[in-house]
Amino acid sequence: MEKSKKQKANSLTKQRRKRSLVQALGALIINGNWKSFLDGTIYKGNLKHVCLPVLNCYSCPGALGACPIGSLQAVPNSAQFNFSYYVVGLIALFGITMGRWFCGWLCPFGWIQELLHKIPIKKVNPKKKIHQKAIWLKYVLLIIFVIAFPLLTQDRFGMSYPAFCKFICPAGTMEAGIPLLIANPALRQLVGLIFSWKVLLLLITVIGSILIFRFFCKYACPLGAIYGMFNKISFYHMQCSANCIECKRCARVCKMQVEPYKTPNSPECIRCGECIEVCPVNALKLGFIHKTNHDLQETTKATKLDEKPE
Amino acid sequence: MNIFNKKSTYIIRFTLLVLILFMIGYGIMRSEVLIVLQNAINICLDCIGIG
Numbered sequence: 454m455e456k457s458k459k460q461k462a463n464s465l466t467k468q469r470r471k472r473s474l475v476q477a478l479g480a481l482i483i484n485g486n487w488k489s490f491l492d493g494t495i496y497k498g499n500l501k502h503v504c505l506p507v508l509n510c511y512s513c514p515g516a517l518g519a520c521p522i523g524s525l526q527a528v529p530n531s532a533q534f535n536f537s538y539y540v541v542g543l544i545a546l547f548g549i550t551m552g553r554w555f556c557g558w559l560c561p562f563g564w565i566q567e568l569l570h571k572i573p574i575k576k577v578n579p580k581k582k583i584h585q586k587a588i589w590l591k592y593v594l595l596i597i598f599v600i601a602f603p604l605l606t607q608d609r610f611g612m613s614y615p616a617f618c619k620f621i622c623p624a625g626t627m628e629a630g631i632p633l634l635i636a637n638p639a640l641r642q643l644v645g646l647i648f649s650w651k652v653l654l655l656l657i658t659v660i661g662s663i664l665i666f667r668f669f670c671k672y673a674c675p676l677g678a679i680y681g682m683f684n685k686i687s688f689y690h691m692q693c694s695a696n697c698i699e700c701k702r703c704a705r706v707c708k709m710q711v712e713p714y715k716t717p718n719s720p721e722c723i724r725c726g727e728c729i730e731v732c733p734v735n736a737l738k739l740g741f742i743h744k745t746n747h748d749l750q751e752t753t754k755a756t757k758l759d760e761k762p763e
Numbered sequence: 490m491n492i493f494n495k496k497s498t499y500i501i502r503f504t505l506l507v508l509i510l511f512m513i514g515y516g517i518m519r520s521e522v523l524i525v526l527q528n529a530i531n532i533c534l535d536c537i538g539i540g
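If you read the sequences in order, they're chains V and D. Taken in order, the first sequence gives residues 454 to 763; the numbers are from the numbering used here. Taken in order, the second sequence gives residues 490 to 540; the numbers are from the numbering used here.
No lab work stands behind these hints: they were computed from the structure. Please note that a few of the clues may not be correct.
Distance ranges between label pairs, derived from CB positions [claimed, not checked]: (1) R519(D) x L605(V): 18 to 24 Å; (2) R519(D) x G645(V): 33 to 39 Å; (3) R470(V) x M518(D): 42 to 48 Å; (4) T498(D) x L605(V): 34 to 40 Å.
Please read these numbers as outputs of a predicted model, since none were measured by experiment. Note that the Cβ used here is the ideal one computed from N, Cα and C, for glycine as well.
All chains, please: the whole structure from these sequences, using the hints.
Written out as structure tokens, the structure reads:
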């Protein structure tokens with residue numbers, strides 16, 4: 454039976470509220486070392502042995518874990534190893550289990566971008582052709598700045614620098630740079646040209662996020678690029694069953710410009726689940742689903758038979 | 490084509506999972522966690538745009 458418009462609107466609102474609450478809690482817990490924001494220091498405990506599943510700068514005063522992208526560059530930058538089995542393994546573990554769910558539900562920087570997008574001014578919806586080309590930028594940044602730079606710019610001691618963090622990452626500037634510079638006068642004296650460049654990139658990201666939903670996640674996040682590659686094979690994934698009527702409501706509600714009825718496991722999908730709430734025939738399922746297409750078709754037939762008397 | 494319709498997808502998933510767990514274990518054995526910790530507990534001047 455088709456859901457009424459009112460039911461759909463209610464469940465969509467509930468889903469949005471639920472996700473906002475999880476995002477807020479996630480940001481608070483991930484950056485739970487709140488007292489360091491006051492004294493301009495960072496957490497130095499054992500939790501920082503482990504990488505977080507989200508892009509969250511480990512120099513953020515509140516950060517309780519290590520940034521996966523920072524760590525991915527840090528190990529090849531050290532004199533000991535050129536490749537990090539531990540960091541690549543952890544990122545792959547997050548990817549294979551949940552795909553981009555972490556982007557949609559836990560990432561503090563993604564949440565900040567969503568809050569910025571709520572500022573009530575006219576929004577920009579990039580044309581499909583431009584969007585389809587622009588999404589490749591994050592893969593370019595991943596390959597050049599995260600992977601190639603640390604390997605190709607090593608000095609004679611085998612050491613290098615984290616190019617993505619140094620030249621690109623606006624999350625580092627927002628979560629670590631600005632709070633530390635405000636609270637720590639000694640650091641303020643070291644500010645130079647690179648910081649100005651990074652503040653410029655942060656400003657572009659902020660303006661971009663106000664105008665375009667998750668501007669940085671869509672076009673520049675290397676962690677999103679990695680998780681996106683896992684979306685197709687992750688344990689947590691989406692399926693569109695045969696009872697899809699191709700009404701395209703899922704595509705219209707999707708702010709990541711995905712067409713869930715065509716590509717339910719698109720690398721761009723952040724698993725926010727809004728498409729599921731608006732589907733009039735409950736064709737979309739998201740979870741640890743293990744049904745084959747045959748099973749799904751059988752379920753659809755059974756559902757249709759059950760609904761006939763109504 | 491939906492790759493989830495194939496049983497091979499499950500095999501790929503579980504094979505990858507095992508491989509990933511081995512990678513993490515090998516990384517821990519090589520003490521990579523100490524490099525991660527060392528970087529994470531010091532203010533990364535590069536990350537904040539000062540380095």
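Can you tell me whether the CB distance of T498(D) to L605(V) sits inside 34 to 40 Å? holds, 35 Å
At the C-beta level, are R519(D) and L605(V) separated by a distance inside 18 to 24 Å? Between R519(D) and L605(V), where Cβ atoms are some 22 Å apart, the hint holds.
Consistency of beta-carbon spacing, G645(V) to R519(D), with hint 33 to 39 Å: holds, 35 Å
Could you check the hint for me, namely that R470(V) and M518(D) are 42 to 48 Å apart, CB to CB? holds, 44 Å
Against the hints set out earlier in the document, no violation occurs for any number.
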